[in-house]
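So you can see what is in the structure, the chains are spelled out below.
Protein chains: 4
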Amino acid sequence: MSVRIAIIGAGIMGADHARLVAEDVPGAVLQVVCDASPERAKQVAEAHGAADAATDPFATLRRSDVDAILIASPDETHAPLTQAAIAAGKPALCEKPLSQNSAECLGVIEAEVARGRRFVQVGFMRRFDPSYREMKMALDDGFLGSAIMMHNFHRNVEAPPSFTGQMAITNSAPHEFDVVRFVLGTDYHAISVFQPAGVDASRTGAPVFMVLETQAGQLVNIEVNNNAAYGYDVRGELVGEKGSVFLNAPAPSRHNAALMAFERYAPDWRPRFAEAYRLQNKAFVNFVRTGLFSAIAADAWDGYCAAVAAEAGVEALEAGGRIDIRMAERPSLYRR
Amino acid sequence: MSVRIAIIGAGIMGADHARLVAEDVPGAVLQVVCDASPERAKQVAEAHGAADAATDPFATLRRSDVDAILIASPDETHAPLTQAAIAAGKPALCEKPLSQNSAECLGVIEAEVARGRRFVQVGFMRRFDPSYREMKMALDDGFLGSAIMMHNFHRNVEAPPSFTGQMAITNSAPHEFDVVRFVLGTDYHAISVFQPAGVDASRTGAPVFMVLETQAGQLVNIEVNNNAAYGYDVRGELVGEKGSVFLNAPAPSRHNAALMAFERYAPDWRPRFAEAYRLQNKAFVNFVRTGLFSAIAADAWDGYCAAVAAEAGVEALEAGGRIDIRMAERPSLYRR
Amino acid sequence: MSVRIAIIGAGIMGADHARLVAEDVPGAVLQVVCDASPERAKQVAEAHGAADAATDPFATLRRSDVDAILIASPDETHAPLTQAAIAAGKPALCEKPLSQNSAECLGVIEAEVARGRRFVQVGFMRRFDPSYREMKMALDDGFLGSAIMMHNFHRNVEAPPSFTGQMAITNSAPHEFDVVRFVLGTDYHAISVFQPAGVDASRTGAPVFMVLETQAGQLVNIEVNNNAAYGYDVRGELVGEKGSVFLNAPAPSRHNAALMAFERYAPDWRPRFAEAYRLQNKAFVNFVRTGLFSAIAADAWDGYCAAVAAEAGVEALEAGGRIDIRMAERPSLYRR
Amino acid sequence: MSVRIAIIGAGIMGADHARLVAEDVPGAVLQVVCDASPERAKQVAEAHGAADAATDPFATLRRSDVDAILIASPDETHAPLTQAAIAAGKPALCEKPLSQNSAECLGVIEAEVARGRRFVQVGFMRRFDPSYREMKMALDDGFLGSAIMMHNFHRNVEAPPSFTGQMAITNSAPHEFDVVRFVLGTDYHAISVFQPAGVDASRTGAPVFMVLETQAGQLVNIEVNNNAAYGYDVRGELVGEKGSVFLNAPAPSRHNAALMAFERYAPDWRPRFAEAYRLQNKAFVNFVRTGLFSAIAADAWDGYCAAVAAEAGVEALEAGGRIDIRMAERPSLYRR
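Protein chains in written order, with the working numbering: chain A, 29 to 364; chain B, 29 to 364; chain C, 29 to 364; chain D, 29 to 364.
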């Protein structure tokens with residue numbers, strides 16, 4: 029039996045998920061596309077052959093012809109919708125963040141703990157990206173020896189209007205907060221944040237540079253530069269005792285022209301992480317069908333961890349200096 | 029409605045196709061796995077959840093619960109099986125070659141022409157590979173100006189036992205014969221073949237170097253080196269008036285260790301062309317569902333063209349010198 | 029007339045300079061090789077055809093057949109020897125550091141100011157390295173827009189015995205302290221230092237990670253990892269408003285073998301910076317002949333600036349937190 | 029004692045050699061710059077501090093204040109000038125070709141044989157290029173196993189007016205004819221030449237593609253494309269039984285801008301082979317001083333071998349098909 033999915037939110041992310049579910053994820057059926065705008069819901073539903081369009085997300089997720097939901101609506105709706113999905117006993121793939129508020133994440137965790145199982149997969153798709161997978165494998169295989177440092181670079185062509193320095197921490201960096209934890213297999217215990225002097229942190233796209241210390245003692249730094257101008261570029265290097273590993277971005281061809289040998293950057297994240305999204309969504313469908321939560325995927329606890337790191341990062345940005353990252357106790361449901 | 033597919037042949041290629049159909053191609057169901065060996069048929073069927081296993085390919089393709097077949101059995105069975113599929117009115121995705129005998133290919137073409145439509149998609153999956161796609165796009169977009177030369181390198185770690193120099197032309201090079209035609213949009217008119225002197229062409233894995241001239245006047249060369257030792261490596265460069273384009277192999281990470289900065293080669297073709305196979309099979313399923321033959325995929329005519337080039341190549345290898353490539357008239361069914 | 033040079037110190041660095049002066053720097057004659065060990069002095073002198081060998085550096089630099097000296101003796105002798113060269117009115121190319129003690133550097137500066145001219149060129153050879161030159165050119169040409177960040181990585185295969193975390197700051201990082209100032213054209217105003225937790229800073233080769241803020245507001249970070257194991261590797265990226273530039277290490281060939289495509293790292297700095305040393309020494313000989321101090325080379329003031337940054341770095345390592353970098357007034361002699 | 033060199037010919041090549049001799053080759057003095065144009069001779073002489081300028085090359089090479097000559101005058105003067113240098117008992121570094129006429133090369137060889145020693149070093153500077161050196165080392169070290177094939181690509185931005193397809197063979201390819209012999213350590217026995225159909229071989233910059241077979245049985249191909257448009261690009265791959273080696277061009281930096289990651293090509297050969305020219309000229313000066321002919325450098329016999337290959341190439345271009353390359357007996361003077 030195919031899994032019938034409702035997409036909640038039909039913006040750029042939601043439309044892309046609708047396409048994936050309809051065309052690239054076996055065993056799934058795009059059942060409903062739901063958006064506050066009935067026109068947008070209808071348009072995306074038709075474009076990808078969904079059975080229906082809708083505007084009320086809570087009604088949608090309770091429909092009997094919907095087995096699971098994929099949440100791609102605005103950030104502040106993520107926690108309420110996952111709570112509703114849990115209450116309805118339906119699995120949810122929730123675009124990051126689970127919530128920017130760590131307390132709200134804990135609320136989701138409590139709901140899952142109360143039901144005694146996980147329902148929520150958080151959309152930290154980088155865990156499925158082949159380059160991060162190979163990086164993690166190099167560490168797990170012992171090829172690198174112990175991990176010592178991890179350098180991360182997160183760059184966009186241009187920040188959206190009103191994308192402040194704080195948002196670099198709360199909206200961009202969570203991808204790194206999560207995937208670094210995934211690769212290293214440890215948690216953070218402190219963060220320091222730097223910004224180019226004279227930059228107004230409330231200015232659109234102001235870059236930030238973070239130094240995190242992990243509980244296992246590694247140093248992790250993350251540059252977020254959302255006005256990098258030249259292209260969408262996510263890079264990283266994991267440094268171990270015996271060597272290091274870099275992420276490679278996919279670049280299917282190389283060109284010679286005009287006194288240059290070049291490879292192209294995409295203007296946004298989609299080509300860079302196309303395979304990661306496909307594999308993530310496939311894992312979610314498999315979870316819905318089998319009840320087995322992916323060993324790779326992020327769960328609600330991972331969503332909480334990213335939120336805690338981001339909150340400490342904002343505090344470090346505002347207060348200056350080094351801020352401790354304090355975590356709740358991890359419920360046994362989330363021990364892996 | 030899902031397309032019910034029977035895989036004919038459960039060797040390495042067949043097993044890989046079974047996995048793809050079962051796990052990575054939406055809209056398809058792995059209905060039957062058929063192999064001369066009942067054990068192997070059963071094993072692959074079970075591994076990928078096929079509904080049934082079988083040993084008679086002709087009976088299998090006529091089953092009413094089979095909508096289409098995927099032919100991955102030994103080369104000499106390809107033409108008879110496609111003929112049977114055409115007779116049964118069922119689409120077939122036929123692993124390359126359609127036949128090593130161009131006359132046999134023409135027989136398949138005649139059968140399709142007689143039915144007034146195409147049934148056969150030939151498994152020249154490189155047309156779907158993102159690197160060849162970007163190469164073709166650079167030419168079609170005018171970025172390169174007119175095409176002048178194309179350099180191709182086809183290397184395996186080790187040739188199978190009894191893989192002669194002729195087989196480099198008849199079994200390996202057809203991938204290049206096809207994809208070069210696809211990229212350049214033209215046909216061949218002559219071929220010259222060189223081998224390292226002192227190499228016995230009947231020796232296992234003897235390398236060959238071919239120079240083809242196209243009807244549009246371009247030079248194309250193809251090195252086939254099936255004992256390259258260091259890795260599976262397919263490379264190519266298309267040279268135009270204004271610049272050139274190289275194929276990049278996927279390499280998700282880069283490593284530093286032991287006084288080297290390195291990327292890995294795979295020992296065989298699967299990682300290099302994983303995405304190409306997935307997209308090819310998806311296009312075939314779409315063809316079965318909609319009746320619309322993919323604008324990219326190879327058809328029986330393309331299978332014939334590759335066979336003609338290979339036959340001329342073998343003649344050039346044996347006779348020395350430059351051999352003309354003479355083609356039949358292309359039936360209007362295959363005009364694109 | 030050729031410039032007659034005495035090399036002071038015939039260890040690894042001194043022997044390499046002797047070779048360069050004897051074989052690769054036109055207009056120079058290797059006149060004397062001086063070392064505390066008479067055997068070593070004689071051996072290096074003979075290996076490179078020096079006219080004489082000696083053991084007393086102060087007597088050597090005053091010889092009438094010596095026009096200029098090249099100081100490659102132990103660090104603590106650098107300042108006294110440059111002072112003696114200034115007193116003797118002879119130009120000196122002094123290997124880095126001028127002194128690890130900034131006050132001692134100021135003493136050299138005072139001596140030059142008193143004589144009204146520069147005598148000392150400091151061996152920060154990276155300023156002459158083609159990769160740093162192209163990086164600086166990309167900034168100076170406006171290609172990058174304003175500089176925002178600079179990321180630096182300094183890695184050795186293995187730290188010498190007793191090479192502590194402080195020494196990563198005082199002995200390795202000065203190359204970066206200097207060349208970053210050269211590329212950016214500005215000075216530092218603060219430094220923060222991080223180390224992997226649980227690492228004993230007095231341990232051999234403990235890595236350090238520094239974040240510097242420049243007076244122009246840029247963020248600069250420097251990783252020093254002298255136990256990187258995999259190779260000698262100096263990398264860097266300069267990030268501007270419009271794009272970024274990376275340093276490339278020279279790698280004259282690329283290899284395919286054993287399922288890898290690789291380029292080699294050298295085990296030490298010599299191949300990486302061979303051209304930089306040659307150009308630096310050529311510039312020094314030109315300075316001796318013409319009296320014109322190279323527009324690129326580091327002078328005593330640059331030696332002082334690197335020492336001040338290193339002292340603040342050690343303070344930050346010990347005290348934790350962010351340390352201000354306070355500089356003396358730059359004498360007009362050193363304004364460029 | 030410094031070697032006093034006269035440069036014959038003050039065009040682009042001659043001026044570059046004057047600069048090298050004056051600034052980058054220790055032990056040499058730029059004594060005379062000689063050119064048919066007295067203005068040009070004087071201008072280059074002054075630019076690089078030569079002691080004198082002159083217009084008569086034969087008188088110049090006989091001057092008692094000239095120890096050796098460097099021939100950079102038009103091609104047809106090369107053989108007569110080397111003959112005159114031999115007659116005068118003075119070493120000559122002769123820009124390639126020694127002569128385009130193999131018989132004329134044999135005349136130079138006879139003159140040397142008659143004197144019982146070598147005087148002439150031919151300017152096949154690629155033998156000194158670090159990338160070809162590493163390629164050769166990989167073969168000589170056994171890293172590659174036996175050599176099987178060598179692929180060569182020779183591209184310029186734009187062919188000079190009246191640079192025909194024949195000239196691609198007679199003027200461009202000799203660099204490859206020589207360096208391939210140097211790397212492989214063998215001679216040629218046949219050549220086939222291809223051109224894009226419809227290309228008029230007398231047309232400016234028409235590309236050619238050559239396939240050579242060596243006496244040791246390897247296949248060598250050479251693409252010469254002097255209208256490649258995108259940059260000066262010399263590439264090559266040596267394929268052995270165990271792996272392969274590529275030449276890397278020097279690229280000191282890598283850039284990110286405008287949705288591209290790129291490295292630059294130079295518009296001509298000078299940056300690509302700057303180090304090769306410096307090392308070649310240094311080897312020549314060493315030869316003049318010590319009488320020891322460089323183990324790497326090309327001699328008159330090598331000049332002859334390149335001319336023979338080019339003559340066979342022109343014959344193959346005109347006649348079509350495969351042309352044998354027949355060589356004179358190598359005099360014992362040139363056995364290495």
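Keep in mind that a hint or two might mislead.
Copies of the same chain are indistinguishable here, so a pair counts whether it falls within one copy or spans any two.
Derived pair list, reagent style DMTMM-like, types lysine to aspartate or glutamate, alpha-carbon separation capped at 25 Å [as the list claims (entries may be wrong)]: (1) K270 / E186; (2) K310 / E51; (3) K118 / D215; (4) K118 / D352; (5) K70 / E346; (6) K270 / E291; (7) K270 / D296; (8) K70 / D52.
Simulated from the structure, these hints should not be mistaken for laboratory data. Please read all numbers here as calculations on a predicted model, not as lab measurements.
Check each numbered hint against the structure and report the violated ones by number, ascending. 3, 4 and 5
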